[in-house]
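Chains as they are written, first to last, in this note's numbering: chain Z, 1 to 167; chain Y, 1 to 152.
A few of these clues could be false.
To be verified - What follows is a list of derived Cβ distance ranges for each label pair: (1) Z/R43 / Y/H31: 41 to 49 Å; (2) Z/G47 / Y/H31: 42 to 50 Å; (3) Y/V102 / Z/D14: 53 to 61 Å; (4) Y/E48 / Z/E57: 21 to 29 Å; (5) Y/A100 / Z/E118: 42 to 50 Å; (6) Y/S67 / Z/E164: 38 to 46 Å; (7) Y/G107 / Z/E52: 55 to 63 Å; (8) Y/R54 / Z/G160: 16 to 24 Å; (9) Z/R74 / Y/P7: 37 to 45 Å; (10) Y/P63 / Z/P105: 17 to 25 Å; (11) Y/E30 / Z/E134: 17 to 25 Å; (12) Z/E52 / Y/R47: 32 to 40 Å; (13) Z/R46 / Y/S36: 46 to 54 Å.
What the hints assert, rightly or not - From chain Z, some residues computed to sit far from chain Y (all C-beta separations above 10 Å): (14) I5; (15) R50; (16) S55; (17) W59; (18) N66; (19) R153; (20) E164.
Since the hints were made in silico from the structure, they are not lab data.
Keep in mind the model is a prediction, meaning the values are calculated, not measured.
Note that beta-carbon positions come from the ideal geometry of N, C-alpha and C, so glycine has one too.
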Amino acid sequence: MADGIPTWEEVARDHGRFLYTVAYRLAGNDDDAQDLVQEALLRVRRGLERYEPGSLEGWLARIVTNVFLDEMRRRKRRPTTAFPDDPDWVVPPAPGADVASRELPRHLEEALASLPEEYRVPVVLCDVADQSYEQIAATLSIPIGTVRSRIHRGRRLLRGALTEGAA
Amino acid sequence: MTLEQRPFEEDALSAYLDGELDAETRRALEHRLAESAEWRAILDELRETRSAVRALPQVSGTPEFWSRLLAGDDTVVDFTVERARRHRGWRVALAAAAAALVLVVAGAALVPKRDRVRPAVATFADQHAARASLGDDTLSQLASVGVQGLRR
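Please take these sequences and the hints and turn them into a complete structure.
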């Protein structure tokens with residue numbers, strides 16, 4: 001690490017788990033999470049020179065979120081696969097997932113993955129990536145008030161889905 | 001209206017849990033919560049949901065994925081190959097367009113110009129008009145008009 005700027009390998013080794021977790025919670029499955037992580041790390045490699053020492057994980061969360069949103073826009077233009085927003089979308093099993101992820105409370109994962117994108121992304125950034133409302137607003141280019149209402153609405157929807165699942 | 005009486009949107013409860021309210025607003029909301037069992041119930045549900053999401057364990061992906069990424073960079077290389085393939089596609093398209101342009105220019109140069117057409121229509125018409133003017137050929141005037149048109 002020189003001048004507080006990590007190398008690409010250090011980012012991958014020290015923050016790969018964080019990056020993968022955010023990608024997985026955004027995408028809802030391992031295949032897409034791997035694609036997101038690969039593309040995010042490519043962007044990290046290209047952008048490291050411009051990185052200003054600060055919240056590295058905030059920067060990474062922003063990058064992987066932008067990769068995810070780019071991919072969602074691309075798929076909406078040329079839909080070839082189902083989206084988490086689709087009512088029939090089901091989180092596919094993750095055959096390559098490690099033991100910890102297989103033991104996740106599946107109903108919560110499914111509820112999170114099936115949240116509409118506009119609510120899922122702020123909730124993941126807040127509760128998984130631990131970003132402040134201000135950081136989320138900057139990442140998504142929306143007002144803080146919108147972040148606040150979407151996080152709240154997302155949690156209410158999650159609560160409803162979990163309650164329905166339990167009934 | 002006192003601070004305690006101010007109205008709140010429900011999303012203030014999430015902001016409260018996330019520590020996103022300023023001190024004054026937080027105090028006012030806590031006053032509201034102390035008075036309203038309904039709001040306390042909503043807050044409890046939100047707190048439970050928020051905690052559940054935050055308690056989801058981190059996911060790391062498979063060791064194969066990371067070893068491929070870190071050691072061999074296979075996948076990253078694949079991205080590069082894919083980009084190179086796309087660039088190669090562009091280069092091929094540009095070369096094809098350039099070749100087509102050369103063909104068009106060369107073709108235009110090779111195609112005989114109007115005054116090189118054999119037989120030379122203008123000359124032929126002039127001769128015909130000259131010959132016709134000697135006789136009663138009524139086509140002579142028309143031939144003359146035609147020549148003028150051609151010369152323009």
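field: Given as non-interface: Z/I5, which should sit over 10 Å from chain Y by C-beta
entry: Check passes; 19 Å lies beyond 10 Å.
Minimum Cβ distance from Z/R50 to chain Y greater than 10 Å, as the annotation requires: With a cut-off of 10 Å, Z/R50 remains clear of chain Y, as the shortest Cβ separation is near 19 Å.
query: Does the Cβ pair Y/A100, Z/E118 satisfy 42 to 50 Å?
result: holds (47 Å)
- prompt: Looking at Z/N66 again, its CB stays over 10 Å from all of chain Y?
  reply: Check passes; 17 Å lies beyond 10 Å.
query: CB of Y/E48 to CB of Z/E57, is that within 21 to 29 Å?
result: holds (26 Å)
query: Should the label of Z/W59 as a non-interface residue stand, given a Cβ cut-off of 10 Å to chain Y?
result: holds (18 Å)
- prompt: Does the Cβ distance between Y/G107 and Z/E52 fall inside 55 to 63 Å?
  reply: holds (58 Å)
message: Just to be sure I understand the hint, the distance between the Cβ atoms of Z/G47 and Y/H31 should be within 42 to 50 Å; is that true here?
response: Holds, since Z/G47 and Y/H31 (Cβ atoms, about 46 Å apart) stay within the stated range.
- prompt: Regarding Y/E30 and Z/E134, is the given constraint of 17 to 25 Å on their beta-carbon distance met?
  reply: About 23 Å separates the Cβ atoms of Y/E30 and Z/E134, which means 17 to 25 Å holds.
query: Taking 38 to 46 Å as the hint, is the beta-carbon distance of Y/S67 and Z/E164 inside that range?
result: For Z/E164 against Y/S67, whose Cβ atoms are near 41 Å apart, the range 38 to 46 Å holds.
- prompt: Is it true that Z/R43 and Y/H31 lie within 41 to 49 Å of each other by Cβ?
  reply: holds (47 Å)
Beta-carbon spacing of Z/R74 to Y/P7 - inside the hinted bounds 37 to 45 Å or not: Given about 42 Å between the Cβ atoms, the range holds.
Of the numbered hints stated above, the single one contradicted by the structure is hint 19.
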